[in-house]
Each structure stands twice: as C-alpha cells, then as structure tokens.
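Place chain B on chain A using the hints.
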Amino acid sequence: MQISVQSAKQNLGIEAAPHLHAKLSTNKIMALVLIALLPGVAVTLYYFGCGLIWQFLLLTVVGFICEMLCALLRARPLKRAACDLSVYVTALLLALTLPPLMPWYWTVSAMAFAILIVKQAFGGLGMNIFNPAMAGFIFLIISAPGAFFTTYIAPAPAAIQVATLERSAKVIFTAEEPAVLVQDIKALQDDPDALSGATFLESVKTARKAQTVNAIAAPDFASTNYQAYAALGIAYAAGGLLLIACRVILFQMPLAFLATIAAGGALWHYLSPNASISCAEHLLFGGTMLAAFFIITDPVTNAGTSKGRVCFSILCALLILLIRVEGSYSDSVAFAVLLSNAAAPLIDVLTRRRPFGIGYKEGGLQ
Amino acid sequence: MASSQLAKIMHGKIWRFFGGIKPSELKNTTQTPIEELPLPALITLPLERHLGAGGEILVKAGDRVKAGQVLTIPGGKRNVPLHASTSGTIIAINQQILPHPSGFTGRCITIKPDGLDEAVDPAPISDWQDKSPQELLERIRFFGIEGLGGAQFQTAAKLSSAIADGRSCNIFIVNGAECEPVATCDDRLMQEKAADILQGVDIIKHILKPKAVIIAIEDNKPAAIKAMQQAAADRAIVRVIPTLYPSGAARNLIKIVTGIEIPYKAHTSDCGIVVDNVETVYAVKQAIIDGIPLIKRVITVAGSSLKRQGNALVRLGTSVRFVLNHYHLNPERRQRIILGGPLMGFTLPSIDVPITKSATCVFAPTAAEVPPEPEAMNCIRCGRCARVCPSRLVPYQMYAYSKAGDHQHAAACGIADCTECGCCAFVCPSRIRLTAQFRKEKAIQYLLKENATRNERARARMLEHQKREEEAARLREEKKRAALARIQAQKAAKGAPTSAGDSATALPTAQDLAARRAAAVAAAQARRAKLQGLSTSATSETATTEHMPTQAERAAAVLAQDRADRKAAPPAASPALPYGLRRAGVPKQAHIIDAPWPEPQPAERLLSKVENPPTHEIEVKPATYHSIFAPAPEKTEAPKLPHNLSKTRKQP
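Just so you know, the protein sequences line up as chains A and B, in that order.
Quick note: the first sequence, position 214, residue 214 per my numbering, numbers continuous.
Quick note: the second sequence, position 429, residue 429 per my numbering, numbers continuous.
Extracted from the complex, chain A is given alone in its bound form (with noise of 0.2 angstroms):
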C-alpha cells in the first residue's frame, strides 16, 4: 500500500530491476525464423509447384482460428494470441513437409491436432512436449498413409508453371485425382522412370528389405531428378546460417546433428553397404536439413542448457539413422525429432551444471 500511495502522490514510474534489457523478443525470433525458411520456400516452390501456398494459407487459417478458439476457452486475451507469431511458423514448417497436394481435410486435421492437442492441451506457447509440427505430421502419416503416396510430388525443374495455383487448388480442395498433375511434373524430369517408388527413400525402403540397397543406382545431384534436393539442402542451410548468424539457434546444434549423421551414416554404409544408404544421401534425403537448422532447434522441445542441446542433437541424430536403416517407415525425422522430446527432460536431468565454486579448496591458494 506504502508503495502505490507514495508513488501516486508523486506520479513516479515503478518497475522491477534490470531495467535494460536486450534486443531480440520471442516474436523477433519467430520472424527471424518465418524469414530464414523464405528460401527452403523459393526453392520448395520452384520444384514441387503452388500447392505450398495453398496449403500454408489452410493451416494459418486453421491455426488461427484454433489459436482464438483456445484463448476464448482459457480466458486469455484474444489480442496476445493473435500477436503470437509461433502458430505461423508451426504453420510454414508443416507445409514444408506434408506433401503440397495433400487434401485440405488431412491438412485441416493434422493443424488441428496441432495446435489443439499437442500445443495448448499442454498450456501453449512454451509448455508443449512435442514439436507441433512434427506431431501434426506424424498424426497424418499413421492416419492417412495413403494420402502421402498418391499426393507426393517428385520434384522436377520449373514444377511451378505445370502446378499452378488454380491447378493444385482443384487438386487440393476438389476431389480431382492428383495422379494427373503428378504424372505431368514427372514428364519435366530427365529420366522420368528412374525411380520405382514415389520417392528415393521409399524406393529404398524396398530394396532395404531385400537387402539390395547397394543394387540402387547412386542418386546423381547434378541431374534434374535429384537436383532439387541438393538445392533444398543448400537453401535450408543458408537459412540457417542467418538465424546463427542472428543468434537465434545454437550453432553447435546443427553442427553436432549434421556431424552425427554423417558419420554415423558414412560408417554404417562402410559396414554394411546393403543396408544402409550412404552419407551424402542420409544428409540430403528426407527432413534432414530442416530437421537441423528449423526443427531440432525448437526451443521449447528441447533440453535447457547448451551442453543437454548438443546432446538432444546428437540423440536425435542417431534415432534418425537408426530407423531409417531399420525401421519400416521410408523416412524418420519425425519420429526420431518426438522420441527425442521425450528424452529431452531426462537429458535435462543428466546434464545437469556443476554449482558455482565447486573445486574450491579452503585457504584458496594455499
């Protein structure tokens, strides 16, 4: 009461201490992050054709709608949920990695279950166990695995003036058969029937268990079957570069991740070449590169202290490894990025710090 009395008397402003403070804010670095994925999604556009933006817009829209619905439900002001920029980046990192042709009632599902379930059922920004995104992907490829084979593009050069936005529109929100616009993206590749499955990592995936993987043809990334990979790869990693460069990720994150990968991938090829597929495939296929710059760097789903992230990096490294070359589904990002999480407070328990002044003596010097 002292306090508000005397300082309305003489109208002085009260705050608690430090009264600096820095620059960067929570949604500075969810824009930073929204702007460092601007390349992977020039790159996904110029490749795999419109659907990206059809399906960025339906899961903001979905994302936000949820966003509102929970904050009406929880009794939160409405304006902060909508200033909250992290549903946005949940939204782009999801359509980065669902199929673009998807169909918008999978999409609207997997958002849904997102924000809904994974994120404010946990108490929303900041409290959540898993990556959003990652368990909206998973939610879809358990439920719908069909839906990814039949809508998964395989990438071709200038796919953007076969799909364009009126032609994955129909495809997306019209029941039209996706096969078509599939087939037309593929005819722009150099040879259109090197591959037997929808993608290199499915077509593996067969071969895995036949034990033939060496009997696959080395995937050329100067060839416009593959190119767009190696340029997915390098658009991630510049990307990612920036959010380093503005401090917003640890840099020995992605380095401890990318570094596993390739080494645990090169030695498991040298071992076992029928089994395993080689480094530069492991690096390139599949999430790899978002995982290391966008979604292993998730703050909240990870562990606290520099030393529990480069663990929680290399975890996720190796479960990556692991269920590619042994498990059965054709990629392991998503899985090996929620086994993770759930590890991630157990690391947190066995990196713990050392308190200040331990390893002192009495006397000091002496």
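These are computed hints drawn from the structure, not numbers from a lab.
Being a predicted model, the structure only gives us computed values, none of them experimental.
Certain hints may be false.
Result set (DSS-like, lysine-lysine): computed pairs, CA atoms no more than 30 angstroms apart in a straight line [to be verified]:
hint, chain 1, residue 1, chain 2, residue 2
1, A, K307, A, K28
2, A, K307, B, K13
3, B, K211, B, K8
4, B, K307, A, K23
5, A, K28, B, K27
6, A, K23, B, K22
7, B, K265, B, K77
8, B, K442, A, K307
9, B, K403, A, K28
10, B, K13, B, K112
11, A, K307, B, K265
12, A, K23, B, K442
13, B, K158, B, K211
14, B, K27, A, K23
15, B, K265, B, K22
16, B, K403, A, K79
17, A, K23, B, K403
18, B, K440, A, K23
19, B, K13, B, K209
20, B, K403, B, K440
21, A, K307, B, K27
22, B, K22, B, K307
23, B, K22, A, K28
24, B, K226, B, K158
25, B, K265, B, K27
26, A, K307, B, K211
27, B, K265, B, K442
Label-pair distances were calculated between CB atoms; the ranges are [as the list claims (entries may be wrong)]:
hint, chain 1, residue 1, chain 2, residue 2, range
28, A, F149, B, E373, 50 to 56 angstroms
29, A, F251, B, A376, 46 to 52 angstroms
30, A, A121, B, G405, 18 to 24 angstroms
31, B, E138, A, A245, 57 to 63 angstroms
32, A, A121, B, N451, 36 to 42 angstroms
33, B, D165, A, F251, 48 to 54 angstroms
34, B, A376, A, A42, 31 to 37 angstroms
35, A, L78, B, N451, 39 to 45 angstroms
36, A, A263, B, A376, 41 to 47 angstroms
37, B, P263, A, F251, 55 to 61 angstroms
A virtual CB, placed ideally from N, CA and C, is assigned to each residue, including glycine.
Okay, now just chain B, sitting in the frame of chain A:
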C-alpha cells in the same frame, strides 16, 4: 600448485567467469569532473545500520551538531557509528521514508543545516606506519567506513576477518571494474584521485600484508587505467579486465583475477582474498591520513531527463530530490528515478529519500533512453538465461518452480546462489521478470527457513515439556503408591488386633444383613415404644450395641457442634477484623468507596514543532567510546556515594 597459480596471477593471466552480458554502456559522464554539491536544506540520516542491538543515540532533538560529530554508538559488531554530515540543529529523530523499493519508513535523524558547515577538528594519524593493524581497523570502523560499491558491508569487519585467527591474506583486490552501466563515479575518482587511492591501498597493505595487490579495471576506462598505472608504479598491479557485465561482483572479480571460484556459502576473506571498492579505499585513506570520517560520497547523476549530467560529491543524507533539482530534472510522465544502476538499481517510489552509503548512481532516464518494460510473454525455454547466469544456475527452471509455489525444488535448483545481477531478465526474449521473482522467492525461502527453525524450537520445547510431564506423573504415581502402601500398612497394623470385631471392614453376609435388618426393625419399634413412654429391656440392649460411636461419627458430631456454635454467635466483632481474618469469609456485597478518584493530571506539553519526539528523555551518558577528535569529557561530577556515607550527611 598454489605457488604456480600465484605465479600465473602475478604474470597477468586473466580467467573468465561463466555467462555474463554486454549491455549498452550509457556512460556519458566519464569526462565530467566530480563537483561538490551545495549544502541541502535538510539532511536525513537513517539510523537502521548504525544502531543494532544495544546501540545508543547520543543526541536529541534540538541539539546542535558539527560536521563529523558522532551521533550514535553502534550496538552490534557489524555496525558503524553515524556521523553528522554538516553542522546544524537536529530537528527530529523520527520515522522517514528510506531509500528502498517498497518505500518503507525507518528511524532517521533529521538535521537542519545552519549553512556554516563547521566541522570537528580532523584527527589525522600521521604515523600510521607505526600503528598496529588493530588500531587502524578500529579507526576505520569508528570513522564509519562501509563498502561503497553498493553492498555496504563493513570494511573493518571484512579486513579483520581476513587476518583473524592467524590467517594470512593472499590477495587484496581493489575493485575498479564498475561494470554497471551508467555509473562513472569510480572511473572519475580513479582519474582524479589516483594518488590518494594508492595511499589508501598502502594503508590496507599495512593492515593485511597480502602477497599481491591487484587493481582490477575494466578496459572501457582507458583514462582511469592510465592514471592508476602512473600512480601505482610498482606498489600494485593494475589488471585490465574485459568489459563484461557482472565482473564487478566480488566473486566474479575473484574468478577473473585469480581463477578461484568461491562458493556462495563461504566468505571471500576466509580464503585470503579481500575485495574492496576504490571509493572505499579512498575513504580509508581519508579516515587515516586526513582524519575525516565518511560523510560524503561520489555518485553519478545521469539520464536524459536531466538537463545536466555529472558526477557529484554529495553529503550523505542529502535527499534525491535535492540532487535532481540541482541537475535540473525535467520529468516526463511517470518518470522513473532509479537509485543504483539500471541493472541492479531500483525505481524509487518517492524522491524524498536520502542518499546513503550504498547509493552509487541516480538515473533518471526518458522512455526513449530506457524503454518501459513490456508485458511478459510465456517462457519458450530458449535457454538464454541459463547461458548468461554467472552463478551457473538455470533460471527458467527456478522461475517455473517458484511460480508454481514449489519452494523445495526452487531451493534445490540453487536459488540461494542467485545474486540478483539481472543478467537473466536482461536477455529474456519474453521479458519475464525473472530477477523480481527470485527476489520474492528468496524472501519466501527466508521466511520458510525461519518458520522451520521456529517449529524445530517449538518441537524441542514440546518434547521437553512432555518429558517434564512424564516425570511429574511418575513422581505423582510414586507418591500415590507410597501413600497407598502407607495406608495399607496402617490398616494392617490397626486391623490385626481387632480383625474379628471389625464388622465394617468385613463383607456382610446375607445372614448378617438379615440380622441387621431385624435389629433395625426392633430399634424402630423400640423408639416408637419410647415415644409412647414404654421401654423394654430388650430394645435398650439392642440400642446400646447399635450406637457405638465410631471415629467418623465423633468427628461429624464435633463439626455439627461447631456449626451450631457459629450460627448461635452473631458476627458482632467481625467488621473490625480485616477480610482475610473474618470467620464469615468474603462479604456478599462490594463496599462503595467514598474517597474521590484522583483527578487526571494534564500530560506534560511536548515540543509542538517536533513531529514524533522520543517518548523518553534521551540521556546523554559519557561515551564509552570516544572519538579521537572529540575526546571524552573530563569527569567533573564527584563520584556518587551511598547515602549513609555521603558528605552532605556528615556535615552538620
């Protein structure tokens, strides 16, 4: 290992502490010389740190004091005396607002300066090299020297604990880091008074006899470094340390300079390292070589809301309002006045508070300079706070526990090690008030600990009480048993000769009862016959056997006789007796006393000007301690003798 580390230290190795931040410096007043402020209209001196248990105030309202005069004698060992900072009249000793974020009030002495600024004569110790450390320490304590870096820890206590019990001091570090943004007072002092500071260093060297003296200065103060290097020559090492925010905190500075991490449970002086602020060292020099007590200090007055900015030499007790007026404050709406730097300082709820020894800086920023704190968002566990914490804590965990009211876990996370340096809240992208929460949590922990000790004490008391009760019960039981045994023994002794004839103790049988009933019927018949004037020999025989008076009956008869006697005798003589002696006991009705009530005397008139005068006359006793420049008064009055031996009585 030890000597090698000392060699490394002497060689100039610099260690690095964990974490730390680089906030914007805002040090605009590096080039502004220190100016002495004029006398303020009022001087308020808080008493809280100068009394302690058993401390005494030596003055009373209305007294005239001179600058440097001792006003209190401290009670505790940790306290120092209070000195008047200018000459004038004491107008009140009462509750005033203290410089505290909550605007608490506390007891203060208010002096109205007379403008003459007379001072007591300085008492320099010219031959301090020949004095013992104890003498010098005593002087340092009684000249009111406390840490001027902000913590306000008593300097003499710190120094003496480093050399107590035959310990030897290894390293004496002069803290000129001044890592807090805005503050430039130490910087200016080093630039202007380098030689004086080195003299102070010599004095402390004489007291501590350390193996090395290191003056640590951050590399953003080139002028101060140059001045100190020139003044120091080979008397001390000037160590230039990198600019990183909490490097001025004692433990961080020790880590930087010596590589030793001293845990927060231990004292720095226990391992032979003493850290003192440059201004404290300067005050030590003034106390010993100039003989002036600590009544002024240098503060930085800065901020864009002021027309002028600068470093000011102010008298302790000057109000913040006076300082701001002198620098022409042009306040904005909801102007924030921050006492202390922008990272560790606090906003004042009122500017009518005195400058104390712990104030380093008065900062009056505009909203453009220091933007007002935005609303906090959710924690996204980005881990920035954990990366900058110099105490190696994980603040976001601690915050979560503390917010959830899980005080045990918060304590397990190491909240006791938090120095409230503000690094975590500085970097937090969600603008969470981490430091404020930790401050609150620490207060809660303190309360909890106090509660626990109180409960522990209560439990011990309860146990003791129970033990006592049990002991008493046991004694009672023993007594009872002894009494029972005694009674039984008596009974046995009594019953043995008359066991046959004692019908009362023997259990009556049915025949016996029938016989008794028959006897009673016969007796009744006999009584009736007697009433009718008839008597038979048979009934009289039975009556005599029936009325054999037992002891109890005899006692009852005596009592009844007594009662009858008392009823018969009227209480004629009783009113003359006092209550307690009256046989009839307490009277039923209260007596109305006719004597008039004493008229309430009017209370002694108090001085109307004084708001909150002391309730009792403050007696000025001859000081047990006497200042060197105010020697103890000669004892003029004759020693008091007991009455029977006094001279007046012997005179006719």
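Hint-by-hint comparison with the structure:
Distance restraint check for K307(A) and K28(A): the Cα-Cα separation of roughly 25 angstroms lies within the 30 angstroms cut-off, and the hinted pair is therefore satisfied. Of the pairs offered as hints, the one joining K307(A) and K13(B) holds, with about 27 angstroms between alpha carbons and a cut-off of 30 angstroms not exceeded. As the CA atoms of K211(B) and K8(B) are separated by approximately 13 angstroms, the hinted pair is consistent with the 30 angstroms bound. With a C-alpha separation of about 27 angstroms, the suggested pair K307(B) and K23(A) falls inside the 30 angstroms cut-off, and the hint holds.
Note on K28(A) and K27(B): the hinted pairing holds, with a Cα-Cα distance of about 28 angstroms set against a maximum of 30 angstroms. Among the hinted pairs, K23(A) with K22(B) is consistent with the structure: their alpha-carbon atoms are about 12 angstroms apart, no more than 30 angstroms. About 21 angstroms separates the Cα atoms of K265(B) and K77(B), which keeps this hinted pair within 30 angstroms; it holds. Between K442(B) and K307(A) the CA atoms are separated by roughly 28 angstroms; this keeps the pair inside 30 angstroms, and the hint holds.
For the suggested pair K403(B) and K28(A), the alpha carbons sit about 25 angstroms apart, so the restraint of at most 30 angstroms is met. At roughly 52 angstroms between alpha-carbon atoms, K13(B) and K112(B) are farther apart than 30 angstroms, so this suggested pair is violated. Between the alpha carbons of K307(A) and K265(B) the distance comes to roughly 26 angstroms, so the proposed pair stays at or under 30 angstroms and holds. For the suggested pair K23(A) and K442(B), the alpha carbons sit about 28 angstroms apart, so the restraint of at most 30 angstroms is met.
Taken as a hint, the K158(B) and K211(B) pair is honoured in the structure, with Cα atoms around 17 angstroms apart against an allowance of 30 angstroms. With a C-alpha separation of about 19 angstroms, the suggested pair K27(B) and K23(A) falls inside the 30 angstroms cut-off, and the hint holds. The straight-line distance between the Cα atoms of K265(B) and K22(B) is roughly 27 angstroms, inside the 30 angstroms bound, and the hint therefore holds. With a CA separation close to 24 angstroms, the supplied pair K403(B) and K79(A) stays within the 30 angstroms bound.
At most 30 angstroms may separate the alpha-carbon atoms for a hinted pair to count; K23(A) and K403(B) meet this at roughly 25 angstroms. Only pairs whose Cα atoms come within 30 angstroms are accepted, and K440(B) paired with K23(A) is accepted, the gap being roughly 26 angstroms. For the hint linking K13(B) to K209(B), the alpha-carbon distance of about 22 angstroms falls within 30 angstroms, and the restraint holds. Using a Cα cut-off of 30 angstroms, the hinted pair K403(B) and K440(B) holds, with the two alpha carbons roughly 10 angstroms apart.
Note on K307(A) and K27(B): the hinted pairing is violated, with a Cα-Cα distance of about 35 angstroms set against a maximum of 30 angstroms. For the proposed pair K22(B) and K307(B), the alpha carbon gap of about 27 angstroms is at most 30 angstroms, so the pair holds. Under the criterion of a C-alpha separation no larger than 30 angstroms, the hint pairing K22(B) with K28(A) is consistent with the structure, at around 20 angstroms. About 29 angstroms separates the Cα atoms of K226(B) and K158(B), which keeps this hinted pair within 30 angstroms; it holds.
Taken as a hint, the K265(B) and K27(B) pair is broken in the structure, with Cα atoms around 34 angstroms apart against an allowance of 30 angstroms. With a C-alpha separation of about 38 angstroms, the suggested pair K307(A) and K211(B) falls outside the 30 angstroms cut-off, and the hint is violated. As the CA atoms of K265(B) and K442(B) are separated by approximately 15 angstroms, the hinted pair is consistent with the 30 angstroms bound. In this structure the hint that F149(A) and E373(B) lie 50 to 56 angstroms apart at CB holds, the actual value being about 53 angstroms.
With their beta carbons about 28 angstroms apart, F251(A) and A376(B) fall outside the hinted range of 46 to 52 angstroms. Between A121(A) and G405(B) the beta carbons are some 23 angstroms apart, a value that agrees with the proposed interval 18 to 24 angstroms. For E138(B) and A245(A), the hinted distance range of 57 to 63 angstroms is satisfied, since their beta carbons lie about 59 angstroms from each other. Taken as a hint, the range 36 to 42 angstroms holds for the pair A121(A) and N451(B), whose Cβ atoms sit roughly 37 angstroms apart.
A beta carbon spacing of about 51 angstroms between D165(B) and F251(A) agrees with the range 48 to 54 angstroms that was offered as a hint. Restraint check, A376(B) to A42(A): a C-beta distance of roughly 36 angstroms satisfies the suggested window 31 to 37 angstroms. Separation of L78(A) from N451(B) is about 42 angstroms and conforms to the stated range, judged on CB atoms against 39 to 45 angstroms. Look at A263(A) against A376(B): about 42 angstroms separates their beta carbons, and that is inside 41 to 47 angstroms.
Hint check: P263(B) to F251(A), Cβ distance near 32 angstroms, so the stated range 55 to 61 angstroms is violated.
In this structure, the hints that do not hold are numbers 10, 21, 25, 26, 29 and 37, in rising order.
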